[in-house]
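Engineer: So the chains spell out like this:
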Amino acid sequence: MAVSGFEGFEKRLELQFSCDQVSSIGLRELDFKSLEQVLHHVQCTVVSALANQHFDSYVLSESSLFVYPTKIIIKTCGTTQLLKSVQPFIRLAQTLHLHIVSLRYTRGSFIFPESQPHPHTSFNDEVVFLNNNIPQTLCYRKASVIPSKLSSHSWHVFSAGAGAGVEYSDDVTYTVEVCMTDLDKTLSRKFFRHPNDGKNGDSAGKQMTEVTGIGCINPNAKICDFAFDPCGYSMNGIDGDRYSTIHVTPEDGFSYASFECVGSIYDDDVPEMVKKAVKVFGPGTVSVATTGAGDDVCMRIFKGMEKIGMKGRSWSIDEFLAAGTVVFQTFTSRRNRIQ
Amino acid sequence: MGAQVSSQQRSRSRSRPRSGSDHGEVLSVHSSDNWNTLFQNSRSSNKLMVIDFSADWCGPCKFIEPTVHDFADEFSDVDFIKIDVDELPDVAKDFDVKAMPTFVLVKKGKERERIVGVKKDDLHRMIEKHRF
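Just so you know, the sequences run in chain order R and V. First residue of the first sequence? That's 1 in the UniProt record's numbering, and the numbers climb one at a time after it. First residue of the second sequence? That's 1 in the UniProt record's numbering, and the numbers climb one at a time after it.
Same shape as in the complex, but just chain R (with noise of 0.2 Å):
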């Protein structure tokens, strides 16, 4: 493990908004300006985008942004501050007489958590800030750290929400969070940009998008990618209202991939998604947090990763008012059996 490198371990915040006499568009009636001015905020800019009727979606230099009529998701990696965006974002939905409803934080064990900044310093800091940074009217909260076996990959868990009367969910819907450490050293080099290879970060991201076999996690969704220089990888899929993301730190020492998607109880091809993505990444350590997720959807998700050579270390969950029942289960490949 490298003394220190890029954070590949991401924050992840998601917002939900009220919906009575919303416009059909809500939130994606915002003026992209003042979505670039929070991303200021948070020190990260657009570097890809793409939408269709259900939703936008954004790359940015540091993960991505997807905006909902009436939700907010965005997830940054590296240093970033992005807690520093939930004052702004609240603002911004203020302007279109959105309220806020609820609100979920998650993220992994950072690998380097000494070079985080204020408030990330730690999850305490972390809840402080929010406790301090959302209204009143969220009353109902709650902080938890999910353990498993392994010291490196908790979950950290924040949520909020109004009140018992507020839908929050549509309890069709539920939230994939994969995070992916220690990737095989020969699948990672794919995601280093040749030098002098004549492309730009838009053609050189669309070609590791189908060398490494990522067009292929989901064949329906269109693909928005991203290659960074010297390496580094990013892409959106939509497909209809659904989003995926994945985000690859591909260094040795401090490799990380994390592959995001959102199931639906009338689709059950979310496990066979998580199998591939892992597939692509080959991994040492893998960690797969369900949000909203039914116990047969995280049991076919858990007999996915074994049949792929995976084998599962731990299985947690937590409930939380706002954001449903959350599932921590962590697997390690037959090559990291002594940890």
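Because the hints were derived from the structure by calculation, they are not lab data. Not one of these hints is a red herring.
One-sided and incomplete, this derived list gives chain R residues near chain V with beta-carbon spacing under 7 Å:
no.	residue
1	28
2	48
3	49
4	50
5	52
6	56
7	200
8	202
9	203
10	222
In silico lysine-lysine, PhoX-like type, Cα no more than 20 Å apart, as pairs:
no.	chain 1	residue 1	chain 2	residue 2
11	R	190	R	276
12	R	199	V	120
13	V	93	R	222
14	R	71	R	33
15	V	93	V	110
16	R	206	V	120
17	R	222	V	98
18	V	98	R	206
19	R	279	R	206
20	R	275	R	190
21	V	47	V	107
22	V	47	V	129
23	R	206	R	190
24	R	275	R	185
25	R	222	V	120
26	R	206	V	129
27	R	33	V	120
28	R	276	R	185
29	R	275	R	311
30	R	279	R	185
31	V	129	R	199
32	V	110	V	47
Heads up, incomplete: computed chain R residues facing chain V, CB under 10 Å, no partners named:
no.	residue
33	24
34	47
35	51
36	55
37	57
38	58
39	206
40	224
Note that this is a predicted model, so its numbers are computed, not measured. Don't be surprised by glycine CBs; every beta carbon is placed ideally from N, CA and C.
Given the coordinates of chain R, work out where chain V should sit on it, guided by the hints.
Structural biologist: Quick look at chain V alone, frame taken from chain R:
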């Protein structure tokens, strides 16, 4: 959800003169008739036409709009056409537009290349490639 927005759209850009632009403008096409005329004219000319399929509710489209105008200035020998997928859904369907923005490069009535999503460098490169 997006398709029902048309009735609530804010003001659209005013109709432009029907002739092709030669001062680096982006021509917004609002009617099927106008589009058909433009397309027919394009078939008999050697000029590259870049069609920007976008929508009012598309954030990425708003993000790249200034760049499209810059390209229209830079490549004054290229026709830049903007089509709103809610106004001309049939044209969007003809060109199989599923995500936005979609840029379709057309020459002599045939699609040469397309770019789906905001990819400024690629779009610039494609226009340069098919320009002459």
